[in-house]
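Enquirer: Here are the chains, one letter per residue:
There are 2 protein chains.
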Amino acid sequence: MSISPQNANEKGLPQTGVSLLRDVSLPAAVIHEAALLHNLAWMQRFVDAHHARLAPHGKTTMAPALFQRQLEAGAWGVTLATAVQCRAAFNHGIKRLLLANQLIGAANMTIVAELIEAGAEFYCVVDSVANAQALGRFFEERGLVLKVLIELGVPGGRCGCRTQEQVFELARAVNGASALRLAGLEGYEGVVHGNDPARRIRDYARQLVTTAQALYQDRLIEADDPIITASGSAWYDLIAEAFDAAGLREHFTPVLRPGCYVVHDHGLYQDAQQDVLVRRPDLEEGLRPALEIFAQVQSLPEPGLAIIAMGKRDIGADRMPEPLRRYREGGRLSETLDVTGWEVTRMMDQHAFLRLPEAASDVQIGDIIAFGTSHPCLTFDKWRRVCLADENLNVKEVMETCF
Amino acid sequence: MSISPQNANEKGLPQTGVSLLRDVSLPAAVIHEAALLHNLAWMQRFVDAHHARLAPHGKTTMAPALFQRQLEAGAWGVTLATAVQCRAAFNHGIKRLLLANQLIGAANMTIVAELIEAGAEFYCVVDSVANAQALGRFFEERGLVLKVLIELGVPGGRCGCRTQEQVFELARAVNGASALRLAGLEGYEGVVHGNDPARRIRDYARQLVTTAQALYQDRLIEADDPIITASGSAWYDLIAEAFDAAGLREHFTPVLRPGCYVVHDHGLYQDAQQDVLVRRPDLEEGLRPALEIFAQVQSLPEPGLAIIAMGKRDIGADRMPEPLRRYREGGRLSETLDVTGWEVTRMMDQHAFLRLPEAASDVQIGDIIAFGTSHPCLTFDKWRRVCLADENLNVKEVMETCF
Numbered sequence: 001m002s003i004s005p006q007n008a009n010e011k012g013l014p015q016t017g018v019s020l021l022r023d024v025s026l027p028a029a030v031i032h033e034a035a036l037l038h039n040l041a042w043m044q045r046f047v048d049a050h051h052a053r054l055a056p057h058g059k060t061t062m063a064p065a066l067f068q069r070q071l072e073a074g075a076w077g078v079t080l081a082t083a084v085q086c087r088a089a090f091n092h093g094i095k096r097l098l099l100a101n102q103l104i105g106a107a108n109m110t111i112v113a114e115l116i117e118a119g120a121e122f123y124c125v126v127d128s129v130a131n132a133q134a135l136g137r138f139f140e141e142r143g144l145v146l147k148v149l150i151e152l153g154v155p156g157g158r159c160g161c162r163t164q165e166q167v168f169e170l171a172r173a174v175n176g177a178s179a180l181r182l183a184g185l186e187g188y189e190g191v192v193h194g195n196d197p198a199r200r201i202r203d204y205a206r207q208l209v210t211t212a213q214a215l216y217q218d219r220l221i222e223a224d225d226p227i228i229t230a231s232g233s234a235w236y237d238l239i240a241e242a243f244d245a246a247g248l249r250e251h252f253t254p255v256l257r258p259g260c261y262v263v264h265d266h267g268l269y270q271d272a273q274q275d276v277l278v279r280r281p282d283l284e285e286g287l288r289p290a291l292e293i294f295a296q297v298q299s300l301p302e303p304g305l306a307i308i309a310m311g312k313r314d315i316g317a318d319r320m321p322e323p324l325r326r327y328r329e330g331g332r333l334s335e336t337l338d339v340t341g342w343e344v345t346r347m348m349d350q351h352a353f354l355r356l357p358e359a360a361s362d363v364q365i366g367d368i369i370a371f372g373t374s375h376p377c378l379t380f381d382k383w384r385r386v387c388l389a390d391e392n393l394n395v396k397e398v399m400e401t402c403f
Numbered sequence: 001m002s003i004s005p006q007n008a009n010e011k012g013l014p015q016t017g018v019s020l021l022r023d024v025s026l027p028a029a030v031i032h033e034a035a036l037l038h039n040l041a042w043m044q045r046f047v048d049a050h051h052a053r054l055a056p057h058g059k060t061t062m063a064p065a066l067f068q069r070q071l072e073a074g075a076w077g078v079t080l081a082t083a084v085q086c087r088a089a090f091n092h093g094i095k096r097l098l099l100a101n102q103l104i105g106a107a108n109m110t111i112v113a114e115l116i117e118a119g120a121e122f123y124c125v126v127d128s129v130a131n132a133q134a135l136g137r138f139f140e141e142r143g144l145v146l147k148v149l150i151e152l153g154v155p156g157g158r159c160g161c162r163t164q165e166q167v168f169e170l171a172r173a174v175n176g177a178s179a180l181r182l183a184g185l186e187g188y189e190g191v192v193h194g195n196d197p198a199r200r201i202r203d204y205a206r207q208l209v210t211t212a213q214a215l216y217q218d219r220l221i222e223a224d225d226p227i228i229t230a231s232g233s234a235w236y237d238l239i240a241e242a243f244d245a246a247g248l249r250e251h252f253t254p255v256l257r258p259g260c261y262v263v264h265d266h267g268l269y270q271d272a273q274q275d276v277l278v279r280r281p282d283l284e285e286g287l288r289p290a291l292e293i294f295a296q297v298q299s300l301p302e303p304g305l306a307i308i309a310m311g312k313r314d315i316g317a318d319r320m321p322e323p324l325r326r327y328r329e330g331g332r333l334s335e336t337l338d339v340t341g342w343e344v345t346r347m348m349d350q351h352a353f354l355r356l357p358e359a360a361s362d363v364q365i366g367d368i369i370a371f372g373t374s375h376p377c378l379t380f381d382k383w384r385r386v387c388l389a390d391e392n393l394n395v396k397e398v399m400e401t402c403f
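Heads up: the protein sequence lines correspond to chains A and B, in order.
Position one of the first sequence corresponds to residue 1 (UniProt numbering), numbered consecutively onward.
Position one of the second sequence corresponds to residue 1 (UniProt numbering), numbered consecutively onward.
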């Protein structure tokens, strides 16, 4: 005999309408609606102001309900990291898919072929003649045309051609494959490192622009509507500025791909956002952190130590989660309790160690703590369902993820 | 229009019968059947030889198909880390559940009440009078009896009473709550640290035994068939030896709770297993690593560098994954290629950086690499489905997980 709800075999399964302070099995992943709506509008406004298109990186959340909101806010398409993620997005109604990665392996190529046959507008990235040839053979046999973007990387970086010579050699190979259509240039500035990163990223963005222009002038771009695309959620302002040049936009549509912006965070991307706002004092209030994990005090075994029922399986641990607010279980929203000086010192799979200051004498087992995350990608993938919460901390919507 | 398979919205969805070297979208999580069967039998034999019962920690895999095999091999029940995990196990036919954690929060207590009402034999852990009182009130209102185990921890450790005085105070509080039934003592030696850990763990195990005996002698144990339980997958031999004492077994059933043993690993637990075999030269061959992640070379952007389409979202990264074997995509099982000197140097969310020695001149984009993991808990939770593979690397069974 199973118990209700019948399919309740995973965590994060609240019903709508219930209170996070009373009715929901914790830990739970919570998105605050007001901050989410702010971020959706903010980034679309930013991208529009720079005459670009937005293809938010869907790998961050893999939540189709969020993809849908991003499209409704004005996004041009959705970026994804794997063929399987593309299939999940397409099956939830996303027609324009940008795989910001190389497409490797016959099984993954088959997935993409089926997407194209079903009507997807699909782009992927190439950085080697060998991969271009493999793709050319596979899609020719299927009688399909595959739009590809050449990836320009940086020495010491991740994927991508390292020189303009390699880009041109690859462009000629793509042009020589009847099943491939060269549709533009792709880069990712997030792997540019070194002193004075802003200068290096501006240099890299300029290199992307000149390389795209050179490909166009040499008539190596085959698509009618080619794109130039880069940008994560840390340096999108520098990419947007470099791509917002009339000479470039005449031939290429600039496409920006931030992902984490949609829920932002309390760590890595909060820091990056401060830097954006310093570089761009003209921007209004920046992004707001929208994602939190709610968890409860499980044990108070020693003075100054609380064990929280939340671990590496519930929240990203690139940095230690940050205690933001505390509530008494079943208490009122307005009665938030102090967490000043509280600090997560260690994470295990299912537990966090929280060091308490001496003043925390009012802490009780069962107290609910809202934790800030760093970063969102490695928090979302811990959850099959996240709660959208209204301003009263009631669950307004349960969003499924597809990891 | 969706594409087939209709519910193909997540990674890890191979059909059975297909080859991991040809037909499966990679990355994929792979359990080798022969090693799995070896481990299932090995640990049950070990536990039987020490006159204990096995309640394997299910949080490691959260794969009901593995729970079922563990029960078929002789396990007494399944241990879990949260109320939601207990519900998932019960809904898959596991009737005896040991929640090796405190049960906190009305929503989680409600889940457990429903399990007990549906026929589960359920145990959980308490370490404070406050929690015992909350449980007592909740289950009395529901008209149910809850079996609890007192947790004895260690100073500087995680949860658990720190002194025998606290244990006795708590035992009296449990005895005073009509809805609670004191059913034994629980500990976890995995949080014992310091110099000469084996000595410290033996001391801790002895403390568990003497505390349980003292509770019995003071007539504070209320259940007819009380248990004493401890042990993860690193020090289970020392716990088993301490619990294998006739005087103890007369009153308490010893229950061991290793979880990672079932698939073992190539890191943390491999090291721990070496130590077990040094301490216990009488044991035959130890556990075998059964879990691997199969992933492909995505890019070869610079001499000496391969980018692998596998990241922190696919494999535990407590230690860097270990390249074990390499295959050509579509190649033969017998033709494994060299990975000597190959080393993962960095992990991102969806990528791994692999440093190649100069000799690796035969590497090709698309090559399939089998990676060893550390540790299994943080690898399983990256997958909704794992492949059980036969000795020919064909998928024999697809196992769902419930995270």
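Be aware that one or more of the hints could be misleading.
Chain copies aren't distinguished; within one or between two, either way the pair holds.
Straight-line alpha carbon distances no greater than 25 Å define the calculated DMTMM-like cross-link-like pairs of lysine to aspartate or glutamate that follow [said to hold, decoys possible]:
| no. | residue 1 | residue 2 |
| --- | --- | --- |
| 1 | K312 | D271 |
| 2 | K312 | E284 |
| 3 | K147 | E343 |
| 4 | K95 | E10 |
| 5 | K312 | E10 |
| 6 | K312 | D349 |
| 7 | K312 | E391 |
Derived from the structure by calculation, the hints contain no laboratory data.
Enquirer: The structure should be examined with respect to each hint, and the outcome stated for every one.
Expert: These are the hints, each one checked on the structure:
no., hint, result
1, K312 / D271, "both (22 Å within a copy, 22 Å between copies)"
2, K312 / E284, "neither (35 Å within a copy, 34 Å between copies)"
3, K147 / E343, "neither (49 Å within a copy, 34 Å between copies)"
4, K95 / E10, "between (30 Å within a copy, 18 Å between copies)"
5, K312 / E10, "both (16 Å within a copy, 21 Å between copies)"
6, K312 / D349, "both (5 Å within a copy, 15 Å between copies)"
7, K312 / E391, "neither (27 Å within a copy, 33 Å between copies)"
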